[in-house]
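Asks: These are the residues of each chain, in order.
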Amino acid sequence: MRINRLAAATALVSVLTLTATACGGGSTSGGGDNSSPKTLTYWASNQGTSLENDKQVLEPELRKFEAQTGIKVKLEVVPWSDLLNRILAATASGQGPDVLNIGNTWSASLQATGALLPFDDATFGKIGGKDRFLPATIASAGAAGKAPAAVPLYSMAYGLYYNKKLFDAAGISKPPATWEELVADGQKLTKDGKYGLAIEGGNVSENVHHAFALGKQHGADWFDAAGKPVFDTPEAVATVKQYVDFIAKDKIAAPGNAEYAANQSVTDFASGKAAMLMWQAAGASLKSHGMNPDDYAVAPIPLPAGASGSKAVTSMVAGINLAVFKNSKNTDGALQFVKFMTSNEEQIQLNKTYGSIPPVKDAQADTAFATPELKMLSNVLATGAAPLPQVANESQFETLVGTAVKNLLAAAAAGKPVTEDSVKAELTKAQQQMPAS
Amino acid sequence: MTRRRLGLPYLLLLPALALELLIHLVPMVVGMVMSFKQLTQFYIRDWSTAPWSGLDNYRVSVDFSAPIGQSLLNSFWVTCLFTALAVGFSWLLGTAAAVFLQESFRGRGLLRTLFLIPYALPVYAAVITWSFMFQRDTGLVNHLLVDQLYLFDEKPFWLIGDNSFTALVVVAVWKTWPFAFLTLMAGLQNIPRELYEAAAMDGAGVWQQLRKITLPSLRPVNQVLVLVLFLWTFNDFNTPYVLFGKSAPEQADLISIHIYQSSFVTWNFGAGSAMSVLLLLFLLLVTAIYLFFTSRRRDADA
Chain A
12 MRINRLAAAT ALVSVLTLTA TACGGGSTSG GGDNSSPKTL TYWASNQGTS LENDKQVLEP
72 ELRKFEAQTG IKVKLEVVPW SDLLNRILAA TASGQGPDVL NIGNTWSASL QATGALLPFD
132 DATFGKIGGK DRFLPATIAS AGAAGKAPAA VPLYSMAYGL YYNKKLFDAA GISKPPATWE
192 ELVADGQKLT KDGKYGLAIE GGNVSENVHH AFALGKQHGA DWFDAAGKPV FDTPEAVATV
252 KQYVDFIAKD KIAAPGNAEY AANQSVTDFA SGKAAMLMWQ AAGASLKSHG MNPDDYAVAP
312 IPLPAGASGS KAVTSMVAGI NLAVFKNSKN TDGALQFVKF MTSNEEQIQL NKTYGSIPPV
372 KDAQADTAFA TPELKMLSNV LATGAAPLPQ VANESQFETL VGTAVKNLLA AAAAGKPVTE
432 DSVKAELTKA QQQMPAS
Chain B
172 MTRRRLGLPY LLLLPALALE LLIHLVPMVV GMVMSFKQLT QFYIRDWSTA PWSGLDNYRV
232 SVDFSAPIGQ SLLNSFWVTC LFTALAVGFS WLLGTAAAVF LQESFRGRGL LRTLFLIPYA
292 LPVYAAVITW SFMFQRDTGL VNHLLVDQLY LFDEKPFWLI GDNSFTALVV VAVWKTWPFA
352 FLTLMAGLQN IPRELYEAAA MDGAGVWQQL RKITLPSLRP VNQVLVLVLF LWTFNDFNTP
412 YVLFGKSAPE QADLISIHIY QSSFVTWNFG AGSAMSVLLL LFLLLVTAIY LFFTSRRRDA
472 DA
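Chains as they are written, first to last, in my numbering: chain A, 12 to 448; chain B, 172 to 473.
Just chain A, with the same shape it has in the complex:
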């Protein structure tokens, strides 16, 4: 009898505890909540050489913010491989950080979920105004005609890094300005186990970034005016084929590059195994690999001969945006934090440390960004860069087209022929997997 009662009580208690905890994860209301004004949670992306390095860079700044406002910021640095999944989980559960970094290409996709606080003019007013930012960087913070889902934090652009010593040794006096020159130079530089160009072929994002900028030059837009995917147009096929041909036909990139996905191409460039590299703000990582800054220089990514106007695009607008989670329990504090992070002082400090370019115009004028590399890249950002398609299905585009290019590079590296037909087939397959919308 006693045992029975005990058992029943135990069972009851365990059931009650369980249901109670299960209900604890319920929904929270929409934006504008300020019920916990003294703390913030901030998810930072991995910008430094390691997660630990990021913490060392950011912690002193967060303490400065705490001294100014009395708000304590709990920092978590999330690796890139997890960041999007973590954001999706936070969106689905309503339990997330207050402020977070997002890759700027995700802006429109995440905007569509409605999880991020829209930066309308009133909200921008609270952080010092929209006009402080470079227009191209605002254009990559959300779909056109909608209030941006985030504000730009760190900006970057692609440039062509080339090894001056190897160029001299091969008798090449200046960096290539057209693709014909790049291939010709690349073939001169490809000898004795060294290659003209290093590409990060196993990295889906790198592939799609190049496919985008090259596509602009070919007139391939990937999405039509109505936002429908158009991946297998003749222009898109020519774009992807040109990129895959670096391994397949021109043979200026090592076949092994097809499986690179952990920045081995940067290592190859730094160690002189490859003479050219198309990368965004590589200076800091080249330095950490021990490459002497005098040994390389940066030029704009080549263009087709005679390209002008909307086809003269050499880079995507690359960068990191800062967003506020709509479910934040401290929206005012979160906006204060955004204002702090985009202040001139913090912009100069952080972008200098990470080797990126401040999207804030006044901060960009600082002498720290007057190195030849960063001056060149800021010029690209101001005049030759276009934002990736700001449509809701952008992240699917990145995955599907990036994977198609990866598969084609793998085929090329294995010595299989890459033809217009095989490229078109891969791209058609990618397009058909896009969700109907």
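Derived from the structure by calculation, the hints contain no laboratory data. Quantities reported herein were computed from a predicted structural model and do not represent experimental measurements. Some hints here could point you the wrong way.
[Claimed, not checked] No more than 25 Å apart at the CA atoms, straight line, and that leaves these computed lysine to any residue pairs for SDA-like:
1. K340/A with D318/B
2. K417/B with G301/A
3. K202/A with G301/A
4. K202/A with H314/B
5. K284/A with D318/B
6. K284/A with L287/B
We have chain A; now place chain B onto it with these hints.
Replies: Frame of chain A, contents of chain B only:
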């Protein structure tokens, strides 16, 4: 008094049952509901507002003439072949090692421990090491095969292209066989030594002893072991994910990775759930058929 006793076992099971409901059944039911919804990024914030889509997610998943269905089917066959090979080799290696280590000899304890290492290592650490070893230009595997043994003229790729399937099977077998070994070693302890002694008296050789005594005595163990290995291997997510990252090559596109791609990477959670439900149904069916036949045969034997 007797009636009260009858109630007690159920009462004692209640906490376990409640946990089971919460941890397993509720998410499963939620997943099933999701599979009937058009759950894309526009609705994940409050997915109860996602429109019902009836059987659309299922229709798209099994439309084998369209790319989504085609790639799912391809992934299914790849997974079947992968499972057959990985389970087969793991079982074979496990059985062989367990039988050989029955004899006591110097160093047996050391070997037993050594064999269990892959099972004791954290999956991520172990598989990431394999992925370094499989790198084409700098990996240990190519260094051994090409630079030391001269088996290939040119360094093959292991992480992309056709060979990625081989790489995946090798890692899966390496990771799985110690469990087979451990289970069978335990099973072998239960076979009475007298049986072997009697057989030896009757002039049975080692091979005959293995076929007539060891394997039949291990049948109940094997019945469970093979089923568990099958389910684990068929559902394996960690190995391909750590080895290949988010976009596995088509030749090694296992079903769990494929479903992950279809839901998390392309943000279409409804379609991903529909594929998961189909996978669940398939595994239930295979398990039921397997248990039906293996149990019946055992009854017939007995």
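Asks: State for each hint whether it applies.
Replies: Status of the hints after comparison with the structure:
Annotation: proposed proximity of K340/A to D318/B is violated, straight-line Cα distance about 60 Å (limit 25 Å). Restraint check for K417/B and G301/A: the C-alpha separation of about 30 Å exceeds 25 Å, so the hint is violated. In summary, the hint linking K202/A to G301/A is supported, as the alpha carbons are separated by about 23 Å, within the 25 Å threshold. Only pairs whose Cα atoms come within 25 Å are accepted, and K202/A paired with H314/B is accepted, the gap being roughly 22 Å.
For the proposed pair K284/A and D318/B, the alpha carbon gap of about 20 Å is at most 25 Å, so the pair holds. The straight-line distance between the Cα atoms of K284/A and L287/B is roughly 41 Å, outside the 25 Å bound, and the hint therefore fails.
Violated hints for the displayed structure, listed by number in ascending order: 1, 2 and 6.
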